[in-house]
Every structure is written in structure tokens, then in C-alpha cells.
Amino acid sequence: MTANGGGPRTVSTSETGRSEPETGVETEEAPLDGPDVSETILESRDLDVYYGDDQALQGISMEIPEQQVTALIGPSGCGKSTFLRSINRMNDLIDVARVEGDLYFRGKNVYDEDVDPVALRRKIGMVFQKPNPFPKSIFDNVAYGLRVQGKDDGDVEEKVRTALERAALLDEVEDQLDSSGLDLSGGQQQRLCIARAIATDPEVILMDEPASALDPVATSKIEDLVEELAEEYTVVIVTHNMQQAARISDKTAVFLTGGELVEFDDTNKIFENPEHDRVEDYITGKFG
Amino acid sequence: MTANGGGPRTVSTSETGRSEPETGVETEEAPLDGPDVSETILESRDLDVYYGDDQALQGISMEIPEQQVTALIGPSGCGKSTFLRSINRMNDLIDVARVEGDLYFRGKNVYDEDVDPVALRRKIGMVFQKPNPFPKSIFDNVAYGLRVQGKDDGDVEEKVRTALERAALLDEVEDQLDSSGLDLSGGQQQRLCIARAIATDPEVILMDEPASALDPVATSKIEDLVEELAEEYTVVIVTHNMQQAARISDKTAVFLTGGELVEFDDTNKIFENPEHDRVEDYITGKFG
Amino acid sequence: MSTETSEFEFDESAVKRKRQLGRVFLGLCFAATMVGIVALVALLVDVIVEAWGWLTWEFLTYPPSQIVEHYDPSNYGDLPTGPGGMYPMIVGSIYLITLTAIFTLFLGVGAAIYLEEYAGDTFLTRFIEANISNLAGVPSIVYGLLGLAVFVRALQTGQSLIAGSLTLTLLILPIVIVQSQESLRAVPDSMRQASYGAGATKWQTIRNVVLPEAVPGIMTGIILSLSRAIGETAPILMVGAATTLFAPPDLTDPTGPFGAMPMQIFEWAKLPEDDFQHVAAAGIVVLLTVLLLMNAVAIYIRNRYDPRG
Amino acid sequence: MSTEPLDLSRNGNDVGTLGDKVARYVFFACAFVTVATTLAIIVVLVDGAMDFFSYVSLTEYFTGTNWSPRAADNPSFGVLPLVWGTLMITVGSALIAIPVGTLTAIYLSEYADPRVRKVVKPTLEILAGIPTIVYGFFALSFITPILQSLGRHVEFLPVPGTFNAAAGAIVVGVMIIPMVSSISEDAMSAVPDSLRNAAYGLGATKFEVSTQVVLPASLSGIMAAYILAISRAIGETMAVTLAAGALPQITNDPFEEIQTMTAYMVEIGTGDASVGSIGYQSLFAIGLTLFVMTFLMNVFSMWIRSRYREEYQ
Amino acid sequence: ITRGEDSGLEGRITIDGSNTLLPNSALVAELFMWENNQVDIPVSGSGTGAGFQQFCRGETELQNASRAISDDEREQCEENNVDWLELEVVLDGLAVMKHPQNDWCDCLTVDQLNRMWERGSDVETWADLDDDNDGWPDEPISFYGRDAASGTYDYFTEQINGAVGNIRNDYSGSPDTNNIIRGVRGNQYAVGFGGAGYYYENEDDVDLIAIDNGDGCVIPTPETIEAQEYQPLSRPMFLYVRLDELERPEFREFMRFYLENTQETARDVGFYAVPDETIEDQREKLEDAIERYT
Ligand SMILES: Nc1ncnc2c1ncn2[C@@H]1O[C@H](COP(=O)(O)OP(=O)(O)OP(=O)(O)O)[C@@H](O)[C@H]1O
Ligand SMILES: Nc1ncnc2c1ncn2[C@@H]1O[C@H](COP(=O)(O)OP(=O)(O)OP(=O)(O)O)[C@@H](O)[C@H]1O
Ligand SMILES: [Mg+2]
Ligand SMILES: [Mg+2]
Ligand SMILES: O=P([O-])([O-])[O-]
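Chains as they are written, first to last, in our numbering: chain A, 1 to 288; chain B, 1 to 288; chain C, 1 to 309; chain D, 1 to 313; chain E, 1 to 294.
Some hints could be false.
Claimed, not checked - Chain C is faced by these chain A residues, among others (derived, beta-carbon under 10 Å):
#1 V118
#2 V148
#3 A230
Said to hold, decoys possible - Which bits of chain E does chain C cover? Going by a derived footprint, with three or more residues having C-beta under 8 Å, they are:
#4 16-28
#5 35-48
#6 67-79
If you're looking for bench data, these hints aren't it; they were derived computationally from the structure.
Using N, Cα and C, we set each Cβ at its ideal position, and we do this for glycine too.
With these hints in hand, go ahead and build the complete structure from the sequences.
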């Protein structure tokens, strides 16, 4: 982790994230009140996202704690990916996308004028649904982030190996660092993408259904990895798979169709005793 | 029906069609023994079909009775379409397809050297899964078969109307015979294709899941039509839909994965009291 | 939260430098794009300016002359003969293209039908296709040499309309075949199945179902290829297009001498007298106009009949 | 089975229309015309060249530095000056078209609004559809005068003559820009967005995404575009005939007059050299040389493209 | 659209040969076709040598020639039973041309010309030619001329360098005199030779160099040429007629028309008219032949 000022603070998140953003009161001062185990690293306030005239997210307010795994679940099209992409401003790349409201990263609104999305993305890494290694060697794939971020001055080789190690891939590819990343299996490719994302030592890692294209064995490897990563990084993960969310996350946010955040709480709470009937229906498979 | 020699004979089909073609004995003389209500019009003996090195049908032997509806059911990929296409030699059009064994149509092996597949297809019409009218007028669609078969000497208009009538489409399109066949709804298009197939007065009509691309209303119209057609034609129909097979067919052949014909019998028998457990499992939805 | 001292600092200086580099790069890319556009505009403006005042109705309807004054509209009144123009060459080009169109239509579509509908995936087929793609890259002057040796000399057609159009046919045949193949491939297989299922023979299927569907695409391809052929100079130069034609070539006697617009333009452009530059430019404007019309027709057909819009 | 066996034969059912029997052969003949064309090209060129090489040794042809085949006494047959001229045009036009075309492709694929791309791409493709004779005219009436006035006003530039390699290379370069830009743009557009997103997600700028991710990923397609364009430049005829001149010489100065292989062929072609003369035969030797050069380029580009297809499904 | 008048004559007459004489024959043909629009007269300019090869194989009916037929060509014609008639139709001077901004060299002696054009010449720059040390620039000369297939080449090399084909091999030899004009006008230090007719078509673009054959500097003008003063580069040019074609009425008419008009057309395209007496002689030769062949 890069240095970051401020002593440890305890922040309540258990009461935020209702789907009534118009009240907005709890979140306004939220970062400072209530005791909790972990500090808030990301906070969205009344976040609306539009694609052209269609609204994909409606007043999302939530606080994501540091060094924990936060899962975003919900039926297809409810805006999970959209929310994820608005955290590191990947939505900027979509012409028709428009974001309103605020999103704070360590207290800085990432939608402020003076924030360069490129600089932001260097702090917040991302892993995508379909593994997308570059058509380069395994080594160059991992080193790519270091190079573009100008972090290739020190021992690149060392950094690459560490990242592959952390991504639980090093053993499998140790002798073939020069062969193409495209020659790996799907699960290995996804771990390569994770290694690439963590090589530059970001603070947050966003993952958009990172295991949905993989077979069960590869999936469980990725799940193990996500849990380990949370020891050092903040992980926000989108998943379609309820069991997966239950297994690996500390917090769970449930989005429902229409782009609302219906409930956000500790994962245990959500899966055992959700407050909203709609959430219960969704989790027990009644729809979605 | 075009003239065909031979007095009425009764043929047993209830014992044929086991998946042990190597015995081969029953079928060898089958057409002549046992009493039954209907004459056999199509008979396959030890039919194997290969696509390149893959075997899609394994020693299929069965007898299809005249002027009845025979349904072919089975899970996806079990070779139903392949069997259907080998009846009118549409498999000839697939480069890699290779047929071994015999298939008799009114006692003539259609795989004999002197059989011209085009002549065969003029006796055995075909309706496909996806409605495929030509981008021509409704009239020309139906008249197409007449024209290519040189049967357009008489009163084409009369023949076209009769075919549309029999296909239960005439009422709906009577005033727009000149408009494009593509402008019809899916269900109408499929009935147009049926009209096109019966306009030339074939003896057998092969249908490969003719209703699978249609909505329930259109499907039931097609089903009614199939039952009516059986008064004049022999119909062989492939379907995924067990209920459909039960509703409209007289005989049912169950193919299972691997390209075997596991059971062939009266439809009632198959659905109420199949001999094989695998067939029962399939029909009750345990797999496939 | 905004009052928080731990506000996150973005390390922006490195990014800024890169952004500047990016802007320079974008400027370069944009400038490069403009190079092509500017060149096109310069070319068209240059040609039109040079042709201005020289492109008259007479220019389109009179035969060429040796004397440059004959082309100058200000002299039209007091010429012993008629004004100079390029009428025989315009007609010659049209005839040339007409014959070429007929030949390519049969050969190109025939070959495409063979490759798409009849040929299996055999070595011969692959060889023919590789050969076609190689032929598409053979320089046009080599086709000219072929035409000279085979048609003009060996087959004794002489330096004639038929030699010219056969040469152009071979030149554009590869493109026409490839484009016709694409059009045939776009006809859904279900149409063929329907036809075979109705008891049609292969030829009936092709003639009644496949070809009618593919015709708009094929026509578009042929017209675009012809618009390339009409501007080709090197091949017809090698087979000996004439530049002193008084009367247009005779379509009923395709073994006679022929002229064509690009050849005449080449002839004029070679002449050093300044005024011939204007004559050449006027010829170019005529050629480009014909070309533009052909392209417009092709685009019209494509938009009109392409089911994909 | 039945007493009267069913007749399903061709004749018994009047299936055998003449068309169906003949069609296959007719269509095969059409397809075979292309093979015959290649054969004819090879036979014609090799046959003519054999006559030529019975006068001229291969060594002299390929190593001689003087090309004056029609000098009345003591002609010389070194093809190198013509090859050199062709190379000057090819290299010169590639130096223009490759950077300009590649940057244009990047602009269109990565930066331009889709509406802009939809207009600009076909507009540029017009350049490739303009007859080459028009480029020759453009060189003489526009490019060369500009080069000459530059030469007069800029100290270190020479004043080129009416015919010079530079003007030829410039117009050929402009002509092949769209081949480079269109095909490269197709290749770049085929790079999946997921790769771009991966790079953006790592904090890359658009510049880095374009140059470090998209460009390398589409490299084989871009290479194929280059080869195609270069092959076209080698065979380009009318523009260089008008613009670059008729003086076969080996020179490094782009403002000198040169002669390309194709321009030499036009020279003999317009002169209609008499059959059997060495001039006429030299036409085939040069034609064969040209054919082999472009053939190798075409094979190379096919090879690159077939590799490229494998890379992204 | 048909232009011109239909006189009742029809047919085709093909003319090839000298590129130099081409404009004259083409202009005569053009005028003739305006009056006889059913007669088709394509004119090509392959060069005298190449043209004779076709003419003597019987492929063309008229041959433009910028020199008289050679012995070889006579033999060839004989072999193929091509009987011909030679008509002298125009006078021409072979001009040596320079760039208009070349203000140092107005006149060259035949010796200087020989030195600069002969095979293996060591003249590379204007200074190399500067016998009187007038400060001619030390700039390389670009040489332009006709190619070996032409009569112009044969004539020039023979007259200046003493033997047909004796010429430096680094000159730009073009089949088209227009190229020579373009070449010379594009380069201040260029020099080229070609038909004087082309010079008079392009007086603004290039200048003439006078030639000193021992009797002072002379430039090719109608007077100097018709008075035989422009030496050694003035010459008559010929039309060769295939005699058996004279049985065709349109061919006869065209030949008569040619002789009637050539003096005027010659001047129109920058040649010099042959004297009236010569034309009269030609006309008689033609009428004799016509009588023999009809
Ligand atoms: N690039 C885009 N342009 C326009 N609309 C978009 C775009 N991306 C997403 N949308 C729309 O925004 C809404 C939310 O999409 P989003 O991808 O965020 O859903 P999701 O929850 O990630 O769904 P899934 O589970 O299927 O990935 C959907 O209605 C979708 O159609
Ligand atoms: N054209 C073909 N080329 C190669 N293999 C084929 C081809 N058509 C079918 N097959 C293979 O043959 C087997 C049987 O296919 P077939 O289409 O007959 O099955 P089916 O019972 O009709 O299935 P479905 O219900 O999905 O239509 C399958 O394994 C299929 O993959
Ligand atoms: Mg998503
Ligand atoms: Mg099927
Ligand atoms: O064209 P020539 O007159 O020089 O033969």
C-alpha cells in the first residue's frame, strides 16, 4: 500500500445504501460517525448514471470499506457493471454515458475537474469478465502496467514475479514467461489479468464477474485468490453467482432492476436475514 | 396420390426398429409378414450415416407406414434431422456426409445407382425448421415447385389455390397473392412453406421441427394441419416437443444420443408404456 | 469528508506529460488524415481549374484535332473544319466498357457460381482461389502485354476494340469473381435447401433462387470494377488504342481500331504546348464524371436492394 | 416388393434438363479462365523473355548498370537502372503512404467520431479509384511546378526538371494512401475493445492504448496493407510514365529524371516496336521481372493475412 | 453523331512510321476526313525504323519517314512483295534546343556538337564545352534526344557523329519529341535535339541553338532551310505509298489530297513547305503510278 495520511477511523456502513437517496442525510456525514472495523475508501453519494436518455443507476449511495471484499449482486442489466465502471471512470470511455452525483475515493471526488481519470485508474485497478490478456508475452503482459505508469525503473523482473506469485500463477508459468499470454487456459489468462492489475500496486481492485467465463476448477482458484487479495487490497467484485458472493465477500450490495441499490450490508446479514422482501426473493431465486 | 402398384398389404412395424441392427433378421423379410392397418411406404435397413469420421446414425432400421404421421423424437444431436435428410437424400448436399445401408421408398432403394435424388425429392417433399419462403410473391412461392418440376402446364393458379387451401392459408392471403412471402408472419410463412411442399402433390412430407420457431397459436395451427395432411400424405415429423409428438402422431420413433433408434412403436405405447427404461427416462424428462 | 486532511493526492505530473504527447500525436494523426483529403481536393481543383472554359458541348461531340487552336472555344467561329473534341473516344470508352461488361458478366459470374455452388473444398478449388487472389495483384501493364501477345498478335484481332475489351476483361475478372462470390455467399443456405426440397435441380436452384438474390450485389461489384476498367490506360495502350480517330469505333465491327478516353488524355498530357494541358484537363473532367456516374449507380443499386440497408 | 418397381431415375422422371448437365462444365470453364490467364501470362512472358535471353546473358541483364537496348550499335542490357527507378518510386511513395496512411488509420479507428469515419474513409478511398493517368497529369501540372518553385526559393533544394522521381513518388504515394489507411483501419477496428479496456484499466492514456496495444495487436493486418500498397506502387505505370520520365539511370537524387520498368514498357508499347526486334523482346523480359516481383509480394501478403486470421478467432 | 461530309468514298487507310512527320500526316488525314467522313485514317507514330518494318510486311498502307528507306528495308519490302512509291512531302530542320534561360550558349559548331554527343563523350558540364572561356557554368548538362527507333536518331547521329548510332549512352532517348521539349524546358542546363517543327509549336518554352557548319551561325527558319543554308541538319521527309493500294478510290483520293495540302499543313504544324516544283514532280509520279495500278 502506498502511504496514506490519516489515522485509523471507524466508519459505519451498515445503515447506508438504502434505495431512498432523496433522504441523503445518513451519507452526508456518514464517514465520520459510528464505529466499525474498517475505514471507508470509496463512497458514492446520490450517483446517477445515464446512457443517453436511459437511466442505468438511480441515486446510488454507499460506502465501501478498505481491505475488504465488497460484492455487488443483482439480476442482469441492473447496473452492477455500470456502478463498477463509474468508480474508476471507465464510463468516460463510453460516449453516451453521463454521470451525476459524487464519488469519493479517499475523500477526493473523482468527478472533480482536476482529477485525471488516467491517474485515478492507476490507483484503482480493474479485472474484466472475459480474460483479456494482451497478445504479448506473459512477462510483458504483467510488466505493461508498470511501463505505462513509469514504474519500470526498479527491478521489473522482480515486480512481475511477485505479481504472478500473488496471483497464484507463478508456479504454472515460471518456465514460459516469454510465451504468449494468449496460449494460456482461460483460468490462467484470468489470473494473468489479475497479476497485471496488481503488479502496479493499486489500492482498489475492481472485478466484473471475473469467473463467469471459467470452469468450476478455475473459478474456485479465482475465489481463493480474491479472498487472499483482500488482505492487502480493497476488492469490489460483481458477480452473478449468489453462492460466490456469500463465500468470498465481507459486504454485499444488492442492486435490483431499474438501477436501484436496494440493500447494502454485511454479507451474512444479506444472505441470512435481508431487510427487504425483494432482496429475499432475489436471493432465494424467485426471480432474476 | 400418384399410382402405385401392389394391392393392400398389412405390415407389422411394432417389432422392428430395435437398436441391434446386426441381427437384421426381422427387417430382411419384414415388409411381407405380420398384419397391420397400414402399408409401409418407407423402410430403412441398417442405415449408418457419417459426417467425416463421426458417426451420426447407427444401424437404423424402421418401417414408416403410409398415410400416417410418424414422429421422430430424441435429445438434441441424436440424429433426428440426419435421418430425415437421408430419406430424401438432402444429405447429398453436405460434402462430408456419407450414407451406408439401405433406404427403401415403395420398395425401391433410394441409394441405388440409378436413383436421381432430384426425382426422389419430387416424390418426397420437405418443410424445414425455420420458415424459408423465397423472396418472391406468395403465388410464386407456391408455384415454384410446380415450375421446377414442369407441372406448370395445367392450371397453375388452380393448383396454387388448392395448395394454399389445404395448408389452411388461403383465407388469410387470398387478396395478397402478389405480395412478398417475406411479409407474412412466422406462422403464416411456415404454412406457406407447407403449401409450397404439397402443391406438387408429393407422397411423403418430411418436416423438421416445423413449429419450433413459432409462437403457441401458430404452433397449434400447424399441428392441426399436420393431422389433416395425414389423410392424404405420409408425414414424417421431427419434434423436440414430446407433447406435440403425443398429440399428432400415430407412430413415434425415439432416438437417443449416439444416433441409435431405441424404440419405435405406436405413439400411445411409447408414451404410456415404453419398453426401454432409457426411453421412459427421456419421456418423463429425466434427461435430454 | 472534504475537510479531511488525508485527502488523496493524485500524481499528475507524469500523466500530464503523457497527455501532452498524446495531443501532439492526435494532431499528427489528424494532419495525416488531412493530407489525403487535401490531396484529393487539390487534385480535383487543379483539374477543374485547368479545364475551365475548355470543356464545352463541342468538346464532347467533335473528333480530336492536331491543332490545339481547334479546341479553344474562342476560335470556334473561324475554323476551316469543326472544333476539336473527344467524341470518338467517349464513344470508344463506352463501347469498350459495354463489351467488357458482357464478357465479365458471363465469365465472372460463371466462375463465382462454380466456386461457390459446385466446387468442393478440394485442392483444385483452393488453387483456383489463390490464383485469383494473385491475379488481382498483377500490374495492369502486364495484362496489356498479355493482350498484345495473345489477342493482338496470336489471335490476330489486331489493335481492335475486341482486343481492348478482352484485355480489360481479364484485368477485372479477379475482382468481379471475388465480389460475386461474396454476393452468392450472402444468399442464405435455407433458400437453397428450400429449393432442393421442392425437387429442383441444382441449375434450377441457382437460376431461380440463388442468382435473383445475388444479382444486386453482383451488379454493384461489376459496375465498380468497370469504373476501374474505364480509367485504365496501360493495358489499352499496350494493345494499341488509337489517338487520331475521326469517327467513333464501330460496335458491329469490333475488329476495327478503337480509341478510349484515358489513352487520349495520355496523348494530350504528353504534348508540351501549354494549351494542351487544358485539353487534357477537360478530358479528365469528362472521364471523372463518367466514373462518378458509374459509382453513383453502383451505390444506388446497393442501397436500393441491399436487405441490410 | 411392389410388382411395378418405382422409377426414380433421371430420365424416367424428366429431370435431366440440358441446363443441369451442361451448367457444371460451363461454370468450371469460366473459373478455369483465371487459371488459363495465369498460364498465358507465364507462357507469354517466359516465351518472349527466352528470345531475349538468347541474345543477352542473364549476368549482363541482372548485373549491368546500363540500359540502352535499342542503341543501334553496342546496345546494353543491364536492367538495374530500371529496377532502381522502380525502387525509387516504390520507396519514395511508401515513405509517404505508410506514415500518412497508418496515422490516418489510427485517427479513424481510435479517435474519430463514427460519423466522421463514415464520411472520411470512403472519401479517402476515392483517391484509389481515380485513374492513374489523372495522377500523371496532376504531377505535371501541380506537383512538379510546386517542387520547382520550392527549388528556386529554398537554398538547399535543387530545381528539378520536368521529369523527376520525386513528383512520381509523391503522386503514387498519395494514390496508395487509402490502401494503407483502409486496410489498416479494418485491422485496428478488429482489435477487440476488451484489450483497449484492459489498458485503460491499467492507467494507460489513449495515446498509449493506440500505439502500444492496438497497433501491435493489428500489426499483421497492417503489414499486409503495406505489402499490398507497395506491390501496387511497383506496378504503377501511367503516373510514373508521365511524371518521372524516360531516362534509365542509377541515381540517389530524387529530383533527377529516372525510368521505371513500367515506364519503359509504355515507351516500347507506344512505339509499337516491331515483332522480333530486341526492343520488343525486352518488353517481355521486363514484364517477367515485374511479374515475379509483384508475385512474390502477393504471396507474401497472402501468407501474412492467413496468419493474421488465426490470431483473433 | 457523325461529323464532316459523306462524299461516297469509304474505307480505311492506316499510316504509321515517323513520329516527327506524324503531325503533318495526321493533320492532312483530319482535313480529308472532314470531307470524306466514311474514310477512316488512323495515324500512329512508331518511329521511322519500326514503321518500315510494318510497312514492308504489308501491315500498313502509308509510311511516314524522316529519312529515305535503307537497303535492308528495301530488301524486306521486296521479300514481301510490297511495291512502294516515295513522295517527298515536307522539309524539316533538326533543331538543337536549349532552355530559354540559357543565356551563355547561342551557337555551337558541328565539332562542339560532335564532342558533346559522341559515344564516350567526356563533355559533362557546360564548362567542358566552353572553348572561348566565356564563363559557361560548371553545371552538368542533361541530354535529351530521340530514341534509336527513329529516323531522327539515324539522321542526327550520322550527320553529327559520323555514323548511325554513334551517340553517348547517358542521354534520355525518347520515342516522343514532346518528351524532349518537356525535358529541356524543365531544366536550365538541358540540351536536346528533335524536329524543328516541335520547336515552333513551343517557342515560349525552349530556345534554339544556332549551328555553325563553317559558314557562321545559322538557325533553322523557313528561309535558311529552304535555301539549304541550315547545314548539316536540314532534310526532306518522305511518305512511302504502297502501290497496290492505289486501286482503291479512297486511297487515290487521299494521296491526291495529301499532295494538294501538304505545303499548307506543313507550315501549320511547324514544318517547311517543299518548293512548288518538287510538289509538281511528286504529283506526276503519283498520277503515273495511279495509271499503272488502276
Ligand atoms: N455502453 C452502453 N450503452 C448504452 N446502454 C448501456 C451500455 N452499457 C450498459 N447499458 C445499459 O445500462 C443498463 C445497466 O447495464 P449494466 O451492464 O451495468 O448491467 P449489469 O448489472 O452489469 O448486467 P449484467 O449482469 O448483464 O452484466 C442496462 O440496461 C444496459 O442495457
Ligand atoms: N453438416 C454436418 N456436418 C457435420 N456434422 C453434422 C452435420 N449435421 C449434423 N452433424 C452432427 O451429427 C449429429 C446429429 O445431428 P442432427 O442434426 O441430425 O441432430 P438432431 O437430432 O436433429 O438434433 P437437433 O434436435 O439439435 O436438431 C450431431 O452430432 C451433429 O453435430
Ligand atoms: Mg455486467
Ligand atoms: Mg435437428
Ligand atoms: O520519328 P522519327 O521521324 O524520328 O522516325
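Has the segment 35-48 of chain E got at least three residues whose CB is nearer than 8 Å to a CB belonging to chain C? holds (count 6)
Hint check: 10 Å Cβ-Cβ cutoff, A230 of chain A to chain C: A230 of chain A check fails; min Cβ-Cβ to chain C is 20 Å, beyond 10 Å.
A closest beta-carbon separation below 10 Å is what the hint needs, so does V148 of chain A meet it against chain C? holds, 8 Å
Just to be careful: measuring from the Cβ of V118 of chain A to every Cβ in chain C, is the smallest value less than 10 Å? Result: holds, 5 Å to nearest chain C Cβ.
Would you check chain C against the segment 16-28 of chain E, counting CB to CB pairs closer than 8 Å, and say if three or more residues qualify? holds (count 3)
Verdict on chain C covering the segment 67-79 of chain E, where coverage means 3 or more residues with a C-beta closer than 8 Å: violated (count 0)
Consistency note: the structure conflicts with the earlier hints numbered 3 and 6.
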